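Peer 1: Chains as they are written, first to last, in my numbering: chain A, 1 to 262; chain B, 1 to 247.
Simulated from the structure, these hints should not be mistaken for laboratory data. As the structure is a prediction and not an experimental result, all values here were calculated from the model. Relax, there's no trap hidden among the hints.
Selected chain B positions facing chain A (Cβ under 10 Å, derived; list incomplete): (1) 26; (2) 60; (3) 116; (4) 203; (5) 215; (6) 217; (7) 222.
Glycine included, every Cβ here is placed at the ideal spot set by N, Cα and C.
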Amino acid sequence: MRALSIGATGMEAQQLNVEVISNNIANLSTTGFKRSRAEFQDLLYQNMRSVGSASSDTGTILPSGLQVGLGVKPAATYRINEQGNLTVTNNPLDIAVNGRGYFQVQLPDGTTAYTRAGSLQLNASGQFVTPDGFTVLPNITVPTTATSITVNASGQVLATVSGQTAQTTLGQLQLANFINPTGLDAIGQNLLKETQASGSPITGSPQSTGFGSLVQGSLETSNVDIVSEITNLITAQRAYEMNSKVINTADQMLSTANQIKS
Amino acid sequence: MQSPSLVLLSNQQALQRSMDIVANNVANASTTGFKREGIEFDTLVSHAAQGETTDFVVDRATYRDASVGPIQTTGNPLDVAIQGQGYFSVRAADGTTKYTRAGSFQLDPLGQIITQSGLPVLGDGGQPITIPDTATSINIASDGDVTAKTDNGTSLSELGKIAVVKFGNEQALKAEGAGLYSTSQVSAPAEDSSVMEGALEQSNVQPITEMTQMIKIMRTYEQTSNLIGQENTRLTDAIDKLSKTSA
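Take these sequences, add in the hints, and give me the full structure.
Peer 2: Here it is, written out as structure tokens:
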């Protein structure tokens, strides 16, 4: 009886679906979070009578075969890189990317990670860092004498230093872009890493061709749509129930068979 | 003398198989582009001695319900749903062309449009479609025409046209798993179908139909089992009575 194991693949798939949905809901307020979607595919088919095979020696062929599918498998969970809403925080170090592009972050092990979460801070030496203390590349150091920091749409970082009227240019923030951003590997802490699927990073200044612009004093909210997540959750739960009914029925059929000769 | 039991047995086997089909439909209730399957029963006539015939049950074929599933919007520009009949063409790893209804596409590192299994999606010229890396937004028109825009407003056109094809006998497509179908039939462009960007075709499995189907299968299975039991009793009784009269 294949129905038992087919039902089990269905329950496993729906469980993964619920896990993906709950992670989306849990990250409803995570800055720069991109919602994911679980994608399923049908498993292999067992051919009892192969379609198109000869049904007689006069050359007639079977118009349709007898194929039994063996269940479902998760194919992928992929991120939907829709732009999230921008919310104004008025914190000068909150910088949102409006359009395509990721901030580059240097990890403690020396490798580079990428993030959309622009809630930046300064460390003890005046460098731009993420909330985890990882430095943002390229390195920009804010002098202690600076009274205010301005980041303009094209990524220039300017500071007003006490006693000077003109602003000093401190540096230029750069963004990285990928041909296939869905292929980036999420490593948690809002960070993503380059993979073979994403392609190599292409760096450039904000507002140059292919890159979005920076918005100072704003953050990009997560792009999770709570209503659609909840409806997806309901669908997943019902599908889970149906699969358990399938297992139940298969079990009852087997038990009936066992009781034939009582 | 054994034929009542054997006829019932053929029914039991066919019912088990239809339960497997229902289970597969239910398991794929969330599979993009999945088409529910049904099973077709037939009689297998066996000519016994003295011109008597016995009809056995045989499951002749499975068929796909080709009706279009509900379209759900996802907001992903590379999710494409076919409205109407037809299939996307993809190039399988062995170089052959396979067909699918599941339009949850992605880009690979070269910018080619690929399926979730990494197979390139073919345009109407039979070539993969490549999106240049300067593109910031991708647009797929209802006829499958792929265009892109760069940030400075330049339009990149003529990138390709996603092919939607149809076949003479849709039922003769062989399901390969992973949403793919293969066939030796020659495809023709499906002109009356259109594609929709940012949406996916859900599976066309109807929960109510599958559940009632399941109840029907289980009850028939139980009845058949009872009949087999009664047939067994009848035989034992007969042997019992006959052996008593002769004694």
